[in-house]
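Work the whole structure out from these sequences, hints included.
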Amino acid sequence: MTFPERFSNLPEYAFPRLRSLLDAHAPGGEVMHMTIGEPRHAMPSFVGEVLAENIAGFAKYPNNNGTDELLGAISGWLGRRFGVTVDAASEIMALNGTREGLMNACIALCPETKNGKQPVVLTPNPFYQVYAVSAVTIGAEPVFVPATRDNGFLPDYSSLPPEILERTAIAYVCSPSNPQGAIAPRAYLRDLIALAEKYDFKVFSDECYSEIYRGEPPVSALQVAQEMGADPERVVIFHSLSKRSNLPGLRSGFVASGPQNMLRIWRLRAYSGAPLPGPIQAVSARVWADEDHVIASRAQYVEKFDMADAVFSGIQGAEAPEAGFFLWLPVNDGEEAAMKLWTETGVRVLPGAYLSREVNGDNPGKHYIRVALVAPKEETQRGLTLLRDCLYG
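All residue numbers for the sequence shown refer to the UniProt record's numbering, where the first residue is 1 and numbers rise by one.
If you are wondering where the hints come from, they were derived from the structure by calculation, not from laboratory data.
Accuracy of the hints is not assured; some may be wrong.
[To be verified] DSS-like mimics (lysine-lysine), calculated; alpha carbons at most 27 Å apart, straight line:
no.	residue 1	residue 2
1	K304	K198
2	K340	K304
3	K366	K340
4	K60	K117
5	K198	K114
6	K198	K117
Quantities reported herein were computed from a predicted structural model and do not represent experimental measurements.
Pasting the structure below:
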């Protein structure tokens with residue numbers, strides 16, 4: 001299959017699909033967007049000051065992989081947060097948003113063949129769409145593994161037949177998961193890494209929501225891998241300041257892994273990547289070094305989790321998640337529910353099927369809607385109340 005043919009088979013991205021579904025219809029009330037996971041809490045107060053201090057850096061080409069200051073700040077944060085030892089010089093690269101890293105790491109690290117056959121890239125279903133697009137880009141076969149209530153919203157890759165696992169080159173996992181907010185416990189990650197060691201594939205752990213949680217902080221796949229003494233090249237982790245620090249427009253994150261993986265990722269970045277501008281790197285270093293703003297933001301999300309539990313009390317399956325900032329609400333049909341909510345109230349949500357792929361006639365997101373809890377508390381309260389009365393009243 002040619003490169004253009006691979007992409008011709010991709011479904012339309014979620015948000016253009018939503019516009020096609022809803023925009024021909026008038027909203028039934030004041031428009032309220034609860035679709036996109038764009039944090040709206042206050043960003044750290046010092047961002048403008050640091051940016052101004054480093055504004056002259058826009059006149060220079062930036063460091064391609066990250067300044068020593070930024071990489072050191074990230075390494076320090078990983079040590080404080082997860083208790084892991086990561087070499088700033090050889091095991092971390094700054095990213096222009098983690099979507100860049102999630103795709104480019106797949107391009108850099110997936111072999112053309114695995115055991116003489118087309119490689120497989122495993123992805124949870126539902127999933128962040130770049131996982132599947134990354135597989136298609138390199139000519140791998142994406143295999144969609146259901147992440148449903150029955151398995152705690154975490155894909156059971158060990159249930160796959162050996163003929164799939166023997167071709168597997170990469171397995172994506174997202175914890176806390178988008179859209180369901182499930183946290184992968186240590187035992188799950190330990191079993192997944194052991195499976196990766198047995199079948200010689202890499203675990204790509206998307207941990208962008210790790211700092212938004214209600215109870216115990218989520219663990220990192222890198223943390224578990226180091227505890228196990230696993231091959232340092234086995235796990236690749238991805239983090240971002242978008243959700244942690246309410247800075248989605250900064251487009252700043254990082255990838256960390258063993259030195260051989262990172263060498264291949266660096267080489268690709270040298271030709272095709274988009275390094276962070278110097279002033280953005282300076283801001284990012286300061287943000288990774290500060291935890292006060294993260295604690296304050298997390299407290300606001302916990303208040304909204306509690307609010308959602310109160311609003312949907314007694315509605316089976318509608319409880320707020322362990323982590324992240326989405327509700328994954330059960331409905332008869334996600335598109336029908338989104339349309340009804342839009343035309344009767346003006347609240348805009350995302351059908352769950354737009355985040356999933358149909359496999360063997362089943363789309364695990366079809367009977368859900370995703371609702372983002374990113375707005376201020378009063379606005380969120382109003383939106384959730386309208387949603388409950390419209391869909392569950």
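Each hint, compared with the structure:
1. K304 / K198: 42 Å, violated
2. K340 / K304: Satisfied, since the Cα-Cα distance of roughly 24 Å is no more than 27 Å.
3. K366 / K340: Holds. K366 to K340 sits at ~15 Å (cutoff 27 Å).
4. K60 / K117: 45 Å, violated
5. K198 / K114: The given pair, whose Cα atoms are some 14 Å apart, holds under the 27 Å limit.
6. K198 / K117: 18 Å, holds
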